[in-house]
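Asks: Heads up: the sequence lines are chains A and B, in that order. 1 is the number of the first residue of the first sequence in the UniProt record's numbering; add one for each residue after it. 1 is the number of the first residue of the second sequence in the UniProt record's numbering; add one for each residue after it.
Think of the hints as simulated: they come from the structure by calculation, not from any bench. Any given hint could be a false lead.
What the hints assert, rightly or not - Below are the SDA-like pairs computed for lysine to any residue, each with C-alpha atoms no more than 20 Å apart in a straight line:
| id | chain 1 | residue 1 | chain 2 | residue 2 |
| --- | --- | --- | --- | --- |
| 1 | B | K195 | B | H103 |
| 2 | B | K189 | A | P98 |
| 3 | A | K33 | B | E191 |
As the structure is a prediction and not an experimental result, all values here were calculated from the model.
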Amino acid sequence: MDIFLQQLINGLTIGSLYALVALGYTMVYGVMKLINFAHGDLVAFSAYVGLTIFSQLFGASAVSFVNVIIIFLLTAIIVAFVGVLLERLAYRPLRTAPRLSAVVSALGAALVIQNGIMLIWGPNMQIFPADLLPSTTWNISGVIISFTQVCILALSAILMIALYFFINRTKIGTAIRATAIDQDAAKLMGINVNRIIMIIFVVGSMLGAIGGLFIGLYYRSLTFDMGWVYGLNAFIAAIIGGIGSIPGAMIGGLLLGLFNALIAGYISTEWAETFTFVLLIIILIVRPTGILGEKTAEKV
Amino acid sequence: MNKTTLIATIFILVMAVFPFTVDSAWLSIGITFLVFATVAFSQDIILGRAGVFNMGHAIFFGIGAYTTAILNVHFGLEIIATIPFAIIFPVIVAIVLAGPIIHLRGDYLLVATIGFNIIFEQVLSNDLFGLTGGPNGIFGIDVVRIFGYELFSDKAIYYMAFGLLLVTLLIIRNLDNSRYGRALYYINKDEIAAKSMGINIPYYKLFAFALGAAIAGVAGSIFAIQYSAVSPESFSFMQSVMFFAIVLVGGSASLPGVIIGTFVMFVLPELFTEFKESRYLIFGAAMVLTMVLRPNGVWPASFGNIPKYLKEKALKAKPKGETK
Chain A
1 MDIFLQQLIN GLTIGSLYAL VALGYTMVYG VMKLINFAHG DLVAFSAYVG LTIFSQLFGA
61 SAVSFVNVII IFLLTAIIVA FVGVLLERLA YRPLRTAPRL SAVVSALGAA LVIQNGIMLI
121 WGPNMQIFPA DLLPSTTWNI SGVIISFTQV CILALSAILM IALYFFINRT KIGTAIRATA
181 IDQDAAKLMG INVNRIIMII FVVGSMLGAI GGLFIGLYYR SLTFDMGWVY GLNAFIAAII
241 GGIGSIPGAM IGGLLLGLFN ALIAGYISTE WAETFTFVLL IIILIVRPTG ILGEKTAEKV
Chain B
1 MNKTTLIATI FILVMAVFPF TVDSAWLSIG ITFLVFATVA FSQDIILGRA GVFNMGHAIF
61 FGIGAYTTAI LNVHFGLEII ATIPFAIIFP VIVAIVLAGP IIHLRGDYLL VATIGFNIIF
121 EQVLSNDLFG LTGGPNGIFG IDVVRIFGYE LFSDKAIYYM AFGLLLVTLL IIRNLDNSRY
181 GRALYYINKD EIAAKSMGIN IPYYKLFAFA LGAAIAGVAG SIFAIQYSAV SPESFSFMQS
241 VMFFAIVLVG GSASLPGVII GTFVMFVLPE LFTEFKESRY LIFGAAMVLT MVLRPNGVWP
301 ASFGNIPKYL KEKALKAKPK GETK
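Throw the hints in and build the complete structure from the sequences for me.
Replies: Written out as structure tokens, the structure reads:
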């Protein structure tokens with residue numbers, strides 16, 4: 001039973017990371033109907049940026065609460081800037097082009113970011129410092145929870161609730177939802193679609209950046225090609241929840257994290273990805289629109 | 001003789017005399033080019049002609065290679081005798097895998113095929129049934145024997161690959177002129193219209209998958225013969241992304257486009273080993289740039305029998321239209 005509870009906690013932690021990254025996919029897909037293959041690599045990039053900011057700015061000095069906030073903010077801003085740049089250079093010129101052209105452009109952008117990381121930081125594994133967050137752990141009747149896990153769970157929950165209100169309660173959120181439904185109609189209503197897409201990339205990249213930093217804090221080892229793994233898992237999470245749906249991405253992320261942790265805990269780690277993709281394919285066959293996805297008139 | 005035929009003839013003649021003009025290093029690059037061009041053409045049947053988003057094509061290439069390797073090393077079959085299996089197995093796998101998902105909308109199909117490719121990688125590197133040899137793959141594949149003659153020289157392998165490429169081009173030419181080719185063309189152009197015309201869409205899409213898988217399987221077999229070894233990383237998901245990109249960067253359903261794509265993606269890196277480090281960065285930037293400048297690919301298909309035939313027919317039907 002303890003193992004089960006422990007895997008439950010680990011699964012929820014990984015699940016919130018997936019959910020944070022999945023939100024970036026689902027928002028871009030919802031509005032632009034494009035799989036942003038570069039998003040996963042952007043997440044990996046943010047972990048490297050965070051690491052560099054930490055070692056450059058606060059190399060030897062003691063890590064304080066304020067410093068951690070500064071690292072998170074700076075990383076989020078830099079990654080948001082790269083995300084907007086990505087949209088400008090690789091996606092905007094292709095908005096009216098055949099759909100596959102945008103897919104290839106996204107794959108190309110993913111290769112550029114991934115190998116850019118390799119050229120800047122080198123092909124070897126980088127280790128995230130352990131003393132960024134307090135290494136306190138609590139032992140609650142055999143189940144171990146670390147401070148990092150609590151941080152990840154709490155902050156992801158706060159961010160997701162904030163995003164939910166941003167999308168559903170604010171004026172910009174309404175404009176985003178309108179653009180997702182029909183871009184042309186949104187334009188007729190005076191919505192600046194280019195600006196909305198830019199906002200989506202800013203918000204998505206920032207959430208991805210926080211996800212990337214958490215990945216660095218939680219797993220501590222970074223490789224230049226880790227973006228694919230997290231990107232694909234987050235994308236699967238978005239599909240499970242129903243791509244285009246923001247609560248769907250959150251639920252999908254949590255479910256996928258739990259599923260991964262239970263598979264790793266009880267069945268096998270070598271075949272873990274196989275189980276993930278078998279789950280994905282079963283979901284695609286049974287309910288292609290995901291758990292919270294709306295039934296579209298278009299035949300899938 | 002029109003321009004297309006002329007270019008094709010020159011290309012075939014140059015490729016035919018190529019082995020006699022170069023050293024062994026270049027010859028092996030030539031074999032790589034032929035094998036990957038064949039796989040890219042088979043991907044083009046699925047992606048370019050049928051319009052099915054397939055990002056797991058390395059699976060069929062890999063099954064072909066592993067079939068030859070396993071049957072030869074573990075079961076002692078002659079290489080020539082393994083080739084029919086390297087055609088049949090990928091076809092069976094293509095139909096079994098694609099069957100349940102073929103009705104999915106483009107992007108979902110893309111992700112499902114990525115999933116299959118990653119499962120395939122795990123099967124290979126986890127040494128399923130002790131046959132695939134784990135992460136190191138299988139070594140020591142025999143040389144090709146035909147009636148007791150050993151064909152072990154690189155030249156022999158080159159001509160095998162060249163023969164396969166020619167057969168593939170012939171198949172594509174016949175496909176374009178056939179009922180099946182027309183059906184695929186209409187499915188790609190407008191699926192709903194094709195359906196309302198009574199075209200059995202899943203059947204033709206599966207047909208494209210099976211044909212592409214069969215050709216990729218034989219190419220895989222020759223790949224295994226060339227290196228006399230197979231290992232999982234040659235058939236990874238990244239390799240599938242490359243085949244996917246070749247077809248779209250070059251120009252889908254375009255023969256010169258696919259040739260150019262293969263040359264840029266697989267031959268240039270062999271020539272410039274200095275930039276191996278930044279190779280994928282340059283490719284990535286080139287992919288983005290090509291798509292931005294030419295969304296339909298470097299050399300898009302502007303010819304092709306069906307559109308031209310239809311155009312002429314449409315012009316004839318017009319009362320004041322000119323036929324030429």
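Asks: Indicate, hint by hint, whether the structure satisfies it.
Replies: Hint by hint, here is what the structure shows:
1. Our distance criterion of 20 Å between C-alpha atoms is met by K195 (chain B) and H103 (chain B), whose separation comes to about 12 Å.
2. At roughly 12 Å between alpha-carbon atoms, K189 (chain B) and P98 (chain A) fall within 20 Å of each other, so this suggested pair holds.
3. Distance hint between K33 (chain A) and E191 (chain B) is fulfilled; the C-alpha atoms sit about 19 Å from each other, no more than 20 Å.
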